[in-house]
Amino acid sequence: MINRTIYLALAVLIALWVIVPIFLIATLAFSDRASVFAWPKGILPQRFSLETISFFFGVTGVGKAIGNSLIVAGLTLLFAVLLGAPAGYALARYRFAGADAYRILILLTRAFPLAILAIPLAVRFINLGLYDTPLGVALVHTALALPFAVLVTSSLFLGIPKELEEAAWTLGCNRVQAFLKVVLPLALPGLAATAIFAFVISWNEVFAATLLTLRERTLPAFLLTALNDSPLPFRFAGGFFLIVPALVFIFAIRRYLFTLWGIANR
Amino acid sequence: MRSERYIPYLLVLPSVIFLLFLFAWPLVEALLLSIRGSEGWTLEHFQRMAADLYFKDALKYTVLLAVVVVPLQVILALCMAMLLGGISRGRDLFLYVWTIPLGISDLAAGIAWLAIFTERGYLNSFLQALGLIHEPRLWLSYETPAMLFLAVVAAEVWRATAIVFVILVAGLQLIPKEYSEAAEVFGATPWRRFWRVTLPLLMPSLQVALILRTILALEVFAVVVALGGRNLPVLAGEAYFWYNAYQNPGVAAAYSVLILGISVLATLLYLRLMRPRQEVVA
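Heads up: the sequence lines are chains A and B, in that order.
Residue numbering for the first sequence follows this note's numbering, beginning at 1 and increasing consecutively.
Residue numbering for the second sequence follows this note's numbering, beginning at 1 and increasing consecutively.
In short, the hints are calculated from the structure, not lab data.
Certain hints may be false.
One-sided and incomplete, this derived list gives chain A residues near chain B with beta-carbon spacing under 8 angstroms [stated by the list, open to error]:
1. Leu24
2. Lys41
3. Leu44
4. Pro45
5. Gly84
6. Leu117
7. Val123
8. Ile126
9. Leu232
10. Phe234
11. Gly239
12. Pro245
Heads up, incomplete: computed chain A residues facing chain B, CB under 10 angstroms, no partners named [claimed, not checked]:
13. Ala38
14. Phe48
15. Gly67
16. Leu114
17. Ala118
Keep in mind it's a predicted model, so treat the numbers as computed, not measured.
In this text, a Cβ means the ideal position worked out from N, Cα and C, and glycines have one as well.
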């Protein structure tokens with residue numbers, strides 16, 4: 001019984017460690033300017049105000065940056081699932097020469113520092129007309145999300161019994177029909193989780209996005225380049241706005257979290 | 001079925017082409033950028049990198065951060081994973097809250113901790129409330145590298161421990177309960193069961209977590225920029241500055257090749273040091 005209490009107390013402590021910084025930055029984001037600069041600060045919010053948040057959204061370029069972030073993340077989601085899911089399906093359903101080599105290729109890509117991709121691509125993208133375009137950034141973000149998409153979807157399809165598909169074949173479906181009518185509906189929630197995951201990878205990425213854009217910045221790239229000469233309220237509101245999707249995202253995929261990461265890292 | 005042999009290759013092909021275009025090609029390009037000058041092959045970029053004012057500190061802080069942050073994260077995550085086994089009520093809620101940082105970016109984490117460490121931030125307010133200081137103190141300046149370093153460590157541990165935690169919990173789920181139960185029958189204490197049974201069986205997951213986190217720690221960038229600008233130089237930050245501010249892709253590529261080199265070394269080291277020892281398992 002004493003043990004249980006200690007466990008619970010420790011668990012609460014860790015939860016607080018996670019929550020407190022989020023709470024504090026949320027407090028600042030919903031305070032007025034004076035409270036943000038106040039000294040000393042109380043832990044609890046002083047005055048609720050939308051001044052800081054509306055100031056953030058009012059800054060020139062923020063709206064466009066959010067739009068760019070959404071476009072880039074949307075493209076990344078699309079590419080990662082469209083390229084990754086077929087490969088995941090192949091790994092799950094077929095034994096073919098080269099499957100192991102392909103798996104190793106996928107794992108190797110995880111060991112690449114982003115700088116090694118972003119710098120040469122920034123140089124090349126200028127020639128290809130991809131520099132400073134959402135498409136160019138989305139391509140690099142897809143490179144980050146694709147290994148996940150392949151490994152996760154492969155474990156997803158492995159979890160759907162092959163017998164179901166074979167039953168559909170004997171009932172007169174061809175392969176494509178069997179996949180669309182039997183496998184896809186079962187895989188859909190997991191595929192959605194994979195897609196959300198790819199979206200968040202892109203939404204959060206800053207290094208490549210900053211190097212590959214100049215005017216078409218994504219939100220993190222915009223924030224990063226504006227950090228040094230922007231007032232604290234702007235930074236705090238921006239930081240808070242970046243965090244919000246994380247809360248939603250973890251909640252949305254919580255059932256798949258351990259499958260996603262557990263398998264994706266093997 | 002013989003005629004359908006090509007199907008898996010057809011399914012895999014688009015991703016292979018993509019990976020060649022986005023990984024193999026940039027890798028070769030980065031190497032070429034770093035060793036090719038205006039007059040053929042050269043080590044000029046590496047020499048300029050090594051001679052740069054920020055280089056030594058960048059290398060020092062990057063390696064130091066990885067050495068401090070990664071073990072902290074693994075130990076904390078291991079404690080959290082074991083703790084989870086002892087919690088019955090509210091397990092799902094704790095899982096949700098503990099894993100929230102998974103979705104938080106390094107930039108956002110840096111800004112969140114900036115709110116704490118900045119001059120009129122919560123840390124100074126707290127210290128003032130305790131009566132330890134009277135005036136706001138600067139923690140993130142050029143003159144306080146130790147405190148700036150600690151702030152980055154705090155933000156990184158806060159943000160990225162969740163990843164290690166999830167990997168370890170997933171690994172724990174793969175270990176059959178019978179092993180631990182058998183050890184219990186033979187009278188092993190919980191502590192002994194952890195050291196002799198759970199930990200060795202968890203080795204593959206630990207290895208994955210260590211490799212992944214070390215590689216990511218060597219790329220640390222946005223957290224540092226958000227907290228201290230260039231006051232705490234790191235390798236990825238220098239690559240960024242050399243490309244963006246100095247418009248010198250050669251030296252930037254040299255930095256990125258260096259990061260890759262250290263990452264590969266660290267990975268090989270982990271693979272060598274953590275070879276699964278079969279006799280322990282058996």
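* Report the numbers of all earlier hints that the structure fails to satisfy, in ascending order. => Numbers 3, 4, 8, 10, 14 and 15 - these are the hints that the structure violates, sorted from lowest upward.
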